[in-house]
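Undergrad: Chains as they are written, first to last, in my numbering: chain D, 15 to 551; chain Y, 217 to 481.
FYI, nobody ran anything at the bench for these hints, they're computed from the structure. For each residue, glycine too, the CB sits at the ideal point set by N, CA and C. No false leads were mixed into what you were given.
Only some residues are given here: those of chain Y computed to face chain D with a beta carbon under 10 Å:
#1 Ile255
#2 Leu294
#3 Glu366
#4 Met410
#5 Gln438
#6 His440
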Amino acid sequence: MREALPAHKPWFAASLWEWIFTTDHKKIGIMYGVTSTVFFIVAGLMALGMRLELFSPGADYIKPETYNWFLTVHGAVILLWWAIGIWAAFANFLIPLMIGARDVAFPRLNALGYWMFFAASVIALLTFIPGNQIMTMWTGYPPLASTEGIGFAGQTALFVFIWHLTGFASIAGAVNFITTVISMRQPGLGFFNLNLFIHGIMAANVIQLLGVPSVAGAVTMLFLDTYLNTSFFDPARGGDPILYQNLFWFYSHPAVYVMVLPAFGVISEVVSALARKPIFGYRSMVVAIWAIALVGFLVWTHHMFVSGIPDWVKILMSYTTLLIAVPTGIKIFNWVATLYKAAIQYKTPMLYALGAILMFLIGGLTGIPLGIPAFDIAVHDSYFVVGHFHYVLGMAVTLSAFAGFFYWWPKITGKMYSEGLGKLSFWIVMIGSNLLYFAQLIIGIWGMPRRYYDYPPIESWVTLHQIQTYGAFILAFGILLAIVALIKGALSGEKAPNNPWQSNSLEWQLPSPPPPHNFDEPPKVDKDFCPHGYCKF
Amino acid sequence: MKLILGLLAFSALAIASEADVVARPYDLWDLMYKIWLVISVIIYAVVAIPSLYFMIKYRFKPGEREVGDQEHEGHWGLEALWTIVPLIIVLYLATHGFAIFTQMRKPPENAMELKVTAFAWGWIFQYPNGKMVIAQAIKDTEDKKCKPEECYSIDGVFQNYVYIPAGVPIKAVLTSQDVIHSFYVQAAGVTQDMVPGRTTYTWFQINKPGEYWVFCREYCGQWHARMFAKLKVVPKEEFEKWLRGEVASLENAQLAKNKAQEVAR
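Bound conformation, chain D alone (with noise of 0.2 Å):
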């Protein structure tokens, strides 16, 4: 067997074959956070296409099943490389210079996970194959997936094997993320004082951990019952299309914490370190982390309101569904009193993160009438809902992620990015997409059903249709411009001191960018060592 490649050259110098054959987290840091970039800008561009095809009604560009694909396309692809694959990014270059380690406790099961992750990323490319198409929608229900001829739902083989795929990537990193951040701390680094982003990794890795098995089970059934004649799913046979949906979303609800709290963490890294003041309420932030994640399992049939389950079931999730809004109420609150005495530096990262807070608020509030069964009846699978998790997917988690982006773009390449063009794109962002987002809800209380390719000329549905591809193409052009931001600023930025944000956190403690070996020997962390921000520095 090959021997894995040591480290030796810091990656911006490293050959093609280094990273290919690379095992250093850095390495795979980037190679997650490139591909998940390049499949959120091929997603975001389908988005803009159904937009463009919704902007007045009747068939105006493209066939339904082109718009189906697209639809099943983007769900998938920004939710599984997007919103799940950027924290995979971020984890892996983020988790060991934060605990102090050389490198990650599973390096070439890391790597392996990286490549099985890049596969998927084929399989997803070979649906642009004419005939290849996938139409099942991210979620896949039977017995629409697993019958041929009859609403034309496409290949569903491909839309299986991108699920094993990513889950299989999702399944090593998380053994991995969890081992490291267990076993390979530096003395003094406890569970109360780790940084919150590693709280937000962990928990979420967790849920990858317990809840990936049983959606990959249920997307097995859905293949054999496809492809090899089982009736797991068929009624006709003594299956049932529910059960596929249970064991979907055991998995799919908890996935949104796996989504949203690393997002969590970066919000708290940033805002900490940009307001120069310890985050407020630390342990009460840890153990809302964890109880997200612990009652996150315990919710998942809102999302079958309708679908024919007993009453007595939605009214017991009801109630845990409304209760995750506490544990993520006290986040909410404790960032805002972070910002009292404070002394905030209006740079990039804190516009992002600040704007990803009062963001995540509308998508959250919005959130709570759907686990209220006798408010979702009405808006069930309607673009209410798709406006609910645009908020939290399209704009909290995407929007911290540009954060981290920006924040961590000094230590990754060692150079500043564009402020000018960050600042831009923070705000254009934010009216492109409040456009996009605020008209879905309230079209959905009107009663538009979602993934619908077209839609009957009702005059103020055409309206608020034409305002969110209005609100598409803004977002899109901040989106652009994030991203040159950060480009010319790796290109031609100027050198990025080591630590920019004058951050406690042991990342910003080394060199910019770090050495092949991170650490040249372990740093000293102090019982009471404050990972967050500007604390007794």
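We have chain D; now place chain Y onto it with these hints.
TA: Chain Y alone, transformed into the frame defined by chain D:
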């Protein structure tokens, strides 16, 4: 506590105006919606106003305010406050929602039963006396696309009005013939999935005569977006007359019969 009492009083007011209810159980949904909206706007203001105030007041100022207050690391009293108050609010919301939902789901005893079977892409409506009406999606073909105003119109063959008596509760008994569909009566604010191999139900009552939309809300493939029906709500006497009469178009009767035979198989 004051807030909760106020909201209860508010909901009592909202129920009192039942005389001009257009559709049920939309009135109950509307109540839930208003309660949520008021609470949400208050919560948003409670969080956003101090945030914006702090954001403006505590800016970094060179020489004057360069470091935040290091002593404010937490406050158990405050943290307990914003754990307990949201807990009370969500318990109230869930419980009030529970009460409203129980009312919403219970069809009145005098409800007329309407059997609805979904297929890709349309519905067969069967009335208690066996009369059937079909509502089928208007699809585009390679050479002919429908114009926007035609795609959702009633052509008498594929699309027919589904007659509903005004002021009479309707219990819709739902199932599907192929994939999962859904039945959403816009005016009544009820959605219910139609699952093959299962029977689900929902109920609604529309008091004001007129035309109302029904949409499919569960993604069901290529022409999901065109899967709609139009309810024609008419006074009870007119409905009885229609129910006894022949279906307007013979093609419709034949289509519905064919579809129903497929279902039976």
